[in-house]
Every structure is written in structure tokens, then in C-alpha cells.
Amino acid sequence: MLSYIWSLVNWYLRPFIKWLLRHTTHMCELQRICYGEPSGAPRTYSVEVSLRLSRNPEIRSLLAYLDDIADQQAITMRSERAILEESIKTVLITKHINPTAHPDFAKSFGKCVELIWGYRQLCVHCEELRQTPYDSDNAKHEGLLLKLWDLLMPGEELDGRITKQWQDIGFQGDDPKTDFRGMGILGLENLVYFAQEYPSAATHVLSHSMHPKYGYAFAIVGINLTSMALRLLKDGSAKTHIYNASKTLPTIRAFHQFYCYLFYEFDGFWIESKPSNMMEFSSIQEKFEQNIKAALADSSTVFRINLSVDNI
Amino acid sequence: MYTFCSSTYSLFWMSTALDGLLSILKKLRANPEKELRILLLGLDNAGKTTILRFLANEDITQVTPTQGFNIKSIHTDGFKLNVWDIGGARKIRPYWRNYFENTDVLIYVIDSADLNRLEETGEELSELLTEDKLRGVPVLVYANKQDVAQSVTAAQIAESLGLPNIKDRDWQIQSCVATDGKGIKEGLEWACKNVKKK
Numbered sequence: 001m002l003s004y005i006w007s008l009v010n011w012y013l014r015p016f017i018k019w020l021l022r023h024t025t026h027m028c029e030l031q032r033i034c035y036g037e038p039s040g041a042p043r044t045y046s047v048e049v050s051l052r053l054s055r056n057p058e059i060r061s062l063l064a065y066l067d068d069i070a071d072q073q074a075i076t077m078r079s080e081r082a083i084l085e086e087s088i089k090t091v092l093i094t095k096h097i098n099p100t101a102h103p104d105f106a107k108s109f110g111k112c113v114e115l116i117w118g119y120r121q122l123c124v125h126c127e128e129l130r131q132t133p134y135d136s137d138n139a140k141h142e143g144l145l146l147k148l149w150d151l152l153m154p155g156e157e158l159d160g161r162i163t164k165q166w167q168d169i170g171f172q173g174d175d176p177k178t179d180f181r182g183m184g185i186l187g188l189e190n191l192v193y194f195a196q197e198y199p200s201a202a203t204h205v206l207s208h209s210m211h212p213k214y215g216y217a218f219a220i221v222g223i224n225l226t227s228m229a230l231r232l233l234k235d236g237s238a239k240t241h242i243y244n245a246s247k248t249l250p251t252i253r254a255f256h257q258f259y260c261y262l263f264y265e266f267d268g269f270w271i272e273s274k275p276s277n278m279m280e281f282s283s284i285q286e287k288f289e290q291n292i293k294a295a296l297a298d299s300s301t302v303f304r305i306n307l308s309v310d311n312i
Numbered sequence: 001m002y003t004f005c006s007s008t009y010s011l012f013w014m015s016t017a018l019d020g021l022l023s024i025l026k027k028l029r030a031n032p033e034k035e036l037r038i039l040l041l042g043l044d045n046a047g048k049t050t051i052l053r054f055l056a057n058e059d060i061t062q063v064t065p066t067q068g069f070n071i072k073s074i075h076t077d078g079f080k081l082n083v084w085d086i087g088g089a090r091k092i093r094p095y096w097r098n099y100f101e102n103t104d105v106l107i108y109v110i111d112s113a114d115l116n117r118l119e120e121t122g123e124e125l126s127e128l129l130t131e132d133k134l135r136g137v138p139v140l141v142y143a144n145k146q147d148v149a150q151s152v153t154a155a156q157i158a159e160s161l162g163l164p165n166i167k168d169r170d171w172q173i174q175s176c177v178a179t180d181g182k183g184i185k186e187g188l189e190w191a192c193k194n195v196k197k198k
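In order, the protein sequences belong to chains A and B.
The first sequence begins at 1 in the UniProt record's numbering and counts up by one.
The second sequence begins at 1 in the UniProt record's numbering and counts up by one.
Treat the hints loosely; a few may be bogus.
What follows is a set of in silico ranges between Cβ atoms, one per label pair, in the way DEER data are often shown [stated by the list, open to error]:
id, chain 1, residue 1, chain 2, residue 2, range
1, A, Thr24, B, Lys72, 52 to 62 Å
2, A, Asp104, B, Ile71, 51 to 61 Å
3, B, Ile166, A, Ser273, 20 to 30 Å
4, B, Asn98, A, Ile17, 54 to 64 Å
If you want the ones that stay clear, here's a sample from chain B, every Cβ over 12 Å from chain A, calculated [said to hold, decoys possible]:
id, residue
5, Asp77
6, Asp132
7, Ile166
Straight-line alpha carbon distances no greater than 30 Å define the calculated DSSO-like cross-link-like pairs of lysine-lysine that follow [stated by the list, open to error]:
id, chain 1, residue 1, chain 2, residue 2
8, A, Lys293, B, Lys72
9, A, Lys164, A, Lys147
10, B, Lys167, A, Lys213
11, B, Lys34, B, Lys80
12, B, Lys91, A, Lys287
13, A, Lys177, A, Lys107
14, A, Lys177, B, Lys72
15, B, Lys91, A, Lys213
16, B, Lys34, A, Lys177
17, A, Lys107, A, Lys247
18, B, Lys167, B, Lys185
19, A, Lys164, B, Lys91
20, B, Lys72, B, Lys91
I should point out that these hints are in silico values taken from the structure, not numbers from a laboratory.
Note that the structure is predicted; figures quoted are calculated from it, not measured.
The C-beta atom is built at its ideal place from N, Cα and C for all residues, glycine as well.
Sequences are here, hints too, so could you generate the full structure?
Structure, rendered in C-alpha cells:
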């Protein structure tokens with residue numbers, strides 16, 4: 001009921017307030033946001049809301065066009081420049097902004113467009129990887145799995161492709177292929193990225209997972225954290241971090257790094273919680289997710305993997 | 001005189017209405033939703049969590065291996081089912097026993113296409129059936145993944161597990177495909193009908 005009234009008020013009052021501000025400040029809403037809000041998540045998020053509320057047909061068709069190319073994953077480092085220029089041009093013309101009088105606006109607005117639709121494209125990409133099941137007939141998948149072993153257990157040879165050794169890094173049985181399940185190849189790529197880009201952190205976490213009292217299944221927890229990271233990405237909670245952390249177009253790398261942060265932090269949280277055994281996983285994971293969500297609710301949040309412990 | 005009559009008349013109706021209401025309330029109290037504790041066990045990758053999520057009408061495409069356990073309360077046909085889904089990895093199996101107490105029905109899930117581990121799953125099941133805390137608890141076996149080409153039938157599984165030799169409790173085998181829900185309802189209906197008599 002309250003939200004209904006609010007949307008009514010918004011619908012009728014918003015144009016009036018915008019008109020009033022436009023004539024007092026001589027700037028459109030997008031300009032006011034780009035000049036007034038700090039860069040990163042606060043600015044990008046406000047621009048996103050403003051664009052989505054727009055009733056201007058040119059703006060609306062621009063949004064439809066951007067949504068479409070993001071859904072097709074057609075924003076690349078190469079195509080990006082033309083897409084951003086087109087978007088900026090549309091807004092400058094529609095909002096009658098003089099680019100020479102407002103050189104900073106174009107740059108700042110372009111950055112927001114890059115982040116908003118880069119994020120959308122990232123969601124599509126991650127979902128696609130998630131829906132790609134792990135396939136043991138696919139040489140690439142198999143190679144990635146063996147690479148994970150080599151990264152985590154350097155100097156230790158696998159007895160064979162199907163072996164109990166997989167349980168040492170926290171898979172459930174003798175063949176990890178069924179453990180990826182609903183997270184598909186995304187779960188494996190996350191694990192490999194963590195082990196490859198943050199070897200000392202990954203080793204540190206892996207050694208914790210082998211703790212006699214507070215141990216847990218490294219790979220299985222990792223796959224469950226992929227699920228959590230994807231959940232936060234898709235419900236939009238992760239926008240705060242991605243918008244603040246990305247200097248350029250957000251790509252899968254941004255998701256992997258978000259994941260690495262979560263894994264490293266979860267490990268610390270788990271040990272701190274002093275669980276009596278691994279049956280406490282769901283409840284501790286839930287608490288952890290609530291903490292992360294609370295942190296993401298603050299628009300200045302940006303997660304950086306904290307390796308200080310690791311270097312001691 | 002007339003007013004007196006009418007007031008007794010309305011009083012009469014009021015009291016019958018009240019009686020009716022009371023009897024409804026009493027009936028509600030006499031028949032509260034029956035609460036059942038259901039334990040879902042089986043090897044890893046058998047499909048326990050998928051069955052749990054299917055029962056709870058949740059998305060079953062994003063299941064991950066269960067580290068620890070999941071629990072959901074499901075309301076169905078006058079029952080409140082508290083379903084405990086415990087991870088099936090070898091390392092977690094020693095913790096199964098922590099969840100035995102007060103179980104009304106044991107549901108044991110088998111991946112009918114995992115031929116290499118049919119023996120292993122049979123061993124785990126027969127071990128469960130000797131547990132003191134599960135004595136007399138009816139067991140429902142879901143022969144899951146019947147849609148997979150190399151899967152064996154429910155009858156074959158019953159045979160290889162030696163189910164017909166079970167004499168100390170009710171048992172049932174139900175073939176199913178958890179990913180599209182085929183057979184799940186039928187199994188659950190049997191479970192609700194054959195709750196352990198206390």
C-alpha cells in the first residue's frame with residue numbers, strides 16, 4: 001500500500017520537481033547526478049535509476065538498444081568506444097547539453113553507462129557459464145580440473161583421473177565431475193582463478209580446510225560460495241562492489257575477484273565461529289551472507305582481498 | 001412481550017452460532033496439523049537436495065553439493081513435514097547418526113544410474129537398518145534418475161539391496177525422476193500413510 005502511494009507520488013511529482021530543478025540549476029537530472037554524486041557506485045546507481053525512470057522515447061530506445069547488446073554479450077573492449085559515444089551523443093542531444101560547456105559530463109556519464117551495461121553483460125555471461133555443465137569428454141574442462149589439482153597440490157602427482165586424492169582438496173568422491181552440478185563450469189573456473197591468481201591465499205585457505213578440528217571440504221565449500229556470489233550478482237547486491245572496483249568494463253575477472261574475496265573472508269569467518277563440525281556449514285554460511293549483504297548496502301563499499309595475514 | 005420474545009429468539013440464534021463456532025474451533029484443536037520428521041539420506045549425488053527443493057517448490061537447477069545439511073518445512077495434506085536433507089559425502093556420513101532421533105520416516109535416495117556404487121549404497125542402507133534409533137522406522141527408497149539411459153529399474157534395485165528380506169519394518173521402493181518430479185508425490189503419499197506407529 002505504502003509503496004503504491006509512493007509510486008503514485010513519484011509518477012506525478014517527479015516530473016514537476018525535475019522541471020523545477022532544471023530551471024533553477026540549468027542542468028538536467030543526469031548532469032546534477034554526475035556533478036553531485038561521488039564517482040563509483042553512488043553516481044552509477046543514481047544514473048541507472050534516473051535512466052530507467054525516463055519517459056523520453058529517445059532515452060527509452062537507447063536503453064532498449066543497450067539492454068539488447070548486453071544480453072548478446074556484444075560489448076567488448078573493441079566495440080565499447082562506439083557504443084559509449086553513441087549513448088553520450090543521444091543524451092547530449094535529447095537533453096540539450098552543450099558538450100563544450102560540459103566536457104566532464106560526457107566522460108562521467110560514459111563511465112556510468114560502461115559500468116551499468118557491463119554489469120548486465122556480466123550477469124548474462126556468468127549465467128551462461130553456470131548453465132554449461134562440467135563435461136568429462138570435453139578436453140578443456142578436463143584440463144582445467146587437472147590444472148586446479150596442480151595449482152593446489154604442487155609436487156603431488158595424481159594416481160589417476162579417478163582417485164581418492166580428489167577428496168584431499170575437498171571434493172566428495174573419487175571423481176569431481178558430479179560435484180559441480182548446478183554451478184557448472186563457473187564453479188570450476190572460480191576455483192582455478194582463486195588458486196592461480198592468489199596462490200598464497202588459496203594455500204592458506206586450503207590448509208585451514210584440513211584443520212583437524214575446524215576442517216571443511218575446500219572444493220565443495222568453494223562451489224557453494226560460487227552459488228552465493230552468483231546470487232548476490234543476480235539480485236543486484238554486488239553492484240556496489242563491482243561499480244566501485246571497476247576501472248574499466250566489468251568482465252568475468254571482476255566476478256572471479258569478488259569470489260576470491262568471499263572465499264578468503266568466509267574461511268576467516270568459519271574459523272572464527274569455532275564450529276563444532278562441518279554440519280554447521282549452512283547456518284554459518286547464512287550468517288556470512290547476511291554480513292556481506294549488510295556491507296554491500298553501504299554504497300561506498302569496495303572489497304579488497306586482505307592478504308596481510310598471509311604474508312606473515 | 002414481543003420485545004422479550006425477539007430478544008430470546010436472537011439470543012437463541014446467537015448461542016447456536018457460538019456453539020457452531022466453538023465446535024469448529026474444537027475440531028481444529030483436535031486435528032492439528034500432524035508434524036512428521038523425515039530424514040533424507042543416501043550417497044552424494046543421489047539427488048536428495050533436488051528432491052527436497054522439489055517438495056518445497058524451489059528452483060532445482062542450481063543445486064550445489066550439500067556441505068552439512070538442509071532443512072525445510074513442507075505443508076502437505078494436513079501434514080507438516082520437517083525434512084532433513086543430510087550431505088552424502090563419505091566424510092559426512094559419520095554425522096548421519098546425529099539426526100536419527102525421533103525420525104518418523106526414513107527416505108533413502110539412490111542414483112539408479114550409478115552402477116559402480118550400487119554395492120556401496122546397499123551397504124550404507126543395511127547399516128542404517130541395523131541402527132537402534134531407527135528401529136521400526138518405515139523406509140522409503142527412491143530409485144532416482146530413471147530418465148538416465150543406463151539406469152536400472154526399481155525392481156532390480158530392490159532385489160540387489162535385498163529389500164524383500166526386510167521384516168522388521170514397512171518398506172517401499174518408488175522409481176522417480178527428481179528433476180521433473182515424476183514419482184516423488186507417490187512416494188511421499190506412501191510415507192505419510194505409513195508413519196511409524198508410536
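Inset, instruction - Sort out which numbered hints this structure fails and list those numbers smallest first. - result: Result: hints 3, 10, 13 and 16 break, sorted rising.
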